[in-house]
Structures are given as C-alpha cells and as structure tokens.
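Chains as they are written, first to last, in the working numbering: chain A, 408 to 489; chain B, 408 to 489.
Rather than coming from a laboratory, the hints here were simulated on the basis of the structure. Just so you know, these numbers come straight off a predicted model, no measurement behind them. Any given hint could be a false lead.
Since the list can't tell identical chains apart, any single copy or any two copies may satisfy a pair.
[To be verified] Cut-off 30 Å, straight-line C-alpha distance, at most; resulting in silico cross-link-like pairs (DSS-like, lysine-lysine):
1) LYS463 x LYS409
2) LYS479 x LYS443
3) LYS443 x LYS459
4) LYS459 x LYS419
5) LYS409 x LYS457
6) LYS411 x LYS463
7) LYS435 x LYS459
8) LYS479 x LYS459
9) LYS411 x LYS435
10) LYS409 x LYS459
11) LYS443 x LYS409
12) LYS435 x LYS457
13) LYS448 x LYS459
14) LYS443 x LYS419
15) LYS435 x LYS463
16) LYS448 x LYS409
17) LYS419 x LYS435
18) LYS409 x LYS435
19) LYS443 x LYS457
20) LYS411 x LYS457
21) LYS411 x LYS448
22) LYS443 x LYS463
23) LYS448 x LYS435
24) LYS419 x LYS463
25) LYS435 x LYS479
Now for the letters of each chain:
Number of protein chains: 2
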Amino acid sequence: MKFKAFVYVTLKSGYSDPEGDTTADALKGLGYSVNKVRASKAYEVYFEGKDKEQAKALIEEMCRRLLTNPTKDDYRFELSEQ
Amino acid sequence: MKFKAFVYVTLKSGYSDPEGDTTADALKGLGYSVNKVRASKAYEVYFEGKDKEQAKALIEEMCRRLLTNPTKDDYRFELSEQ
Chain A
408 MKFKAFVYVT LKSGYSDPEG DTTADALKGL GYSVNKVRAS KAYEVYFEGK DKEQAKALIE
468 EMCRRLLTNP TKDDYRFELS EQ
Chain B
408 MKFKAFVYVT LKSGYSDPEG DTTADALKGL GYSVNKVRAS KAYEVYFEGK DKEQAKALIE
468 EMCRRLLTNP TKDDYRFELS EQ
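The whole structure should be built from the sequences, with the hints applied where relevant.
Put into structure tokens, the structure is as follows:
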C-alpha cells in the first residue's frame with residue numbers, strides 16, 4: 408500500500424529562530440503588524456507500507472532517525488493513504 | 408484581533424527539488440521503501456488584523472510580497488483566531 412505523510416518540523420519553543428526573526432522584521436518593514444514568525448520545515452514523504460499501523464510506525468522512525476533532530480526539534484505528521 | 412496563520416510553501420510541480428531528492432536517497436539508504444520526498448518550508452505568522460476577512464487579505468499579500476516566489480512556489484495557509 409502507498410502512503411503519503413506530511414511532516415512538519417519546528418524548533419522546540421525556547422530555541423532562537425533567526426530565520427523567523429528576520430522574516431518578522433522584514434514583514435514589519437513592509438508595514439504589517441506582525442508579532443512573531445516561526446520558520447519551520449515540511450516534508451511530503453511518499454512511501455510503501457503494509458497497513459496504516461505499520462506506516463505510522465515507519466514514518467515515526469524516519470522522523471526520529473533522519474528528518475528531525477529530537478534534541479531541538481518538535482515534529483508532527485499527517486498520514487494519508489494514496 | 409490577533410491571528411495566527413500557518414503558511415506552507417512548496418515548489419510548483421515540475422521544479423526539481425534537490426533537497427527532497429537527497430532526503431529520499433538517504434531514507435532509501437536506511438532501508439525504507441520511499442518513492443519520493445518533496446521538501447518545503449512552513450511559517451507560523453502571528454499578526455494583527457481587524458477581522459477574519461482582512462486578516463485573510465493581509466496574509467495573502469504577505470505570501471505574495473515576501474514569503475513566496477510566485478514564479479516557482481505554490482502556497483496554502485490555514486488561518487485561525489488567537
């Protein structure tokens with residue numbers, strides 16, 4: 408079975424986010440009332456799995472092993488069948 | 408009123424995505440049956456607006472003016488009240 412996972416990787420709160428701060432400053436410079444911006448990464452992963460249960464375990468493992476740094480990142484994902 | 412927008416920026420299909428390709432290769436190297444990975448960016452933008460209508464127009468404008476490159480990027484956003 409084919410699955411698609413949409414994975415969002417954000418910095419844990421407390422970590423400084425220079426890219427987000429710069430983006431917020433740039434938006435303020437353009438005249439918008441922006442309070443804060445957090446920049447993050449997202450991945451669409453298309454992969455194979457036996458069933459939804461196993462697919463969920465697989466994508467969790469991929470997140471922990473490669474896509475995120477568990478020390479500084481939080482992540483969440485949405486899994487759907489293709 | 409305070410709003411939070413979650414903006415996803417992806418490359419239009421047809422554009423090559425070296426970061427996604429490299430991530431897919433790395434996942435395959437770890438033994439996962441991955442077909443494709445698309446890497447993208449996400450922003451959480453906290454900003455002020457008069458009402459939901461105006462907030463939607465504002466975030467659309469921010470996307471077009473700063474957060475995305477309309478030539479090569481697609482974007483979508485989720486807007487919520489804070």
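Hint by hint, here is what the structure shows:
Taking the shortest alpha-carbon separations for LYS463 and LYS409, only the intra-copy value of 12 Å comes in at or below 30 Å, while the best inter-copy value is 35 Å. In this assembly of identical chains, the alpha carbons of LYS479 and LYS443 lie at most 30 Å apart whether taken from the same copy (19 Å) or from different copies (26 Å). For the homomeric pair LYS443 and LYS459, the shortest alpha-carbon distance between copies (18 Å) is at most 30 Å, but the shortest distance inside one copy (36 Å) is not. Proximity of LYS459 and LYS419 under a CA criterion of 30 Å is satisfied in both settings, with 28 Å inside one chain copy and 28 Å between copies.
For the homomeric pair LYS409 and LYS457, the shortest alpha-carbon distance inside one copy (9 Å) is at most 30 Å, but the shortest distance between copies (44 Å) is not. Taking the shortest alpha-carbon separations for LYS411 and LYS463, both the intra-copy value of 10 Å and the inter-copy value of 28 Å come in at or below 30 Å. Taking identical chains as interchangeable, the C-alpha atoms of LYS435 and LYS459 lie at most 30 Å apart only when they sit on different chains, with a minimum of 20 Å there against 44 Å within one chain. With identical chains, the CA atoms of LYS479 and LYS459 are at most 30 Å apart within one copy only, with a shortest distance of 28 Å there and 33 Å across copies.
Taking the shortest Cα distances, LYS411 and LYS435 sit within 30 Å of each other only across copies (16 Å), while inside one copy they are farther apart (36 Å). Only within a single protomer do LYS409 and LYS459 lie at most 30 Å apart by alpha-carbon distance; the minimum there is 10 Å, versus 38 Å between protomers. Taking the closest pair of Cα atoms, LYS443 and LYS409 come within 30 Å of each other only across two copies (11 Å); inside a single copy the shortest separation is 38 Å, beyond that limit. In this assembly of identical chains, the alpha carbons of LYS435 and LYS457 lie at most 30 Å apart only when taken from different copies (17 Å versus 48 Å within one copy).
Both within a single protomer and between protomers do LYS448 and LYS459 lie at most 30 Å apart by alpha-carbon distance, with minima of 24 Å and 26 Å respectively. Taking identical chains as interchangeable, the C-alpha atoms of LYS443 and LYS419 lie at most 30 Å apart whether they share a chain (15 Å) or sit on different chains (27 Å). Proximity of LYS435 to LYS463 under the C-alpha cut-off of 30 Å is restricted to the inter-copy arrangement: shortest distance 17 Å between copies versus 40 Å within a copy. For the identical chains of this complex, LYS448 and LYS409 are neighbours both inside a copy (23 Å) and across copies (24 Å), given an alpha-carbon limit of 30 Å.
Proximity of LYS419 and LYS435 under a CA criterion of 30 Å is satisfied in both settings, with 24 Å inside one chain copy and 27 Å between copies. Only between protomers do LYS409 and LYS435 lie at most 30 Å apart by alpha-carbon distance; the minimum there is 15 Å, versus 43 Å within a single protomer. Only between protomers do LYS443 and LYS457 lie at most 30 Å apart by alpha-carbon distance; the minimum there is 17 Å, versus 41 Å within a single protomer. In this assembly of identical chains, LYS411 and LYS457 lie within 30 Å of each other by CA distance solely inside one copy; the values are 13 Å within and 37 Å between copies.
Both within a single protomer and between protomers do LYS411 and LYS448 lie at most 30 Å apart by alpha-carbon distance, with minima of 17 Å and 17 Å respectively. For a Cα distance limit of 30 Å, the shortest separation of LYS443 from LYS463 across copies, 17 Å, qualifies, whereas the shortest one inside one copy, 32 Å, does not. In this assembly of identical chains, LYS448 and LYS435 lie within 30 Å of each other by CA distance both inside one copy and across copies; the values are 22 Å within and 20 Å between. For a Cα distance limit of 30 Å, the shortest separation of LYS419 from LYS463 qualifies both inside one copy, at 22 Å, and across copies, at 27 Å.
For the identical chains of this complex, LYS435 and LYS479 are neighbours both inside a copy (27 Å) and across copies (24 Å), given an alpha-carbon limit of 30 Å.
The structure is consistent with each of the numbered hints, conforming to all of them.
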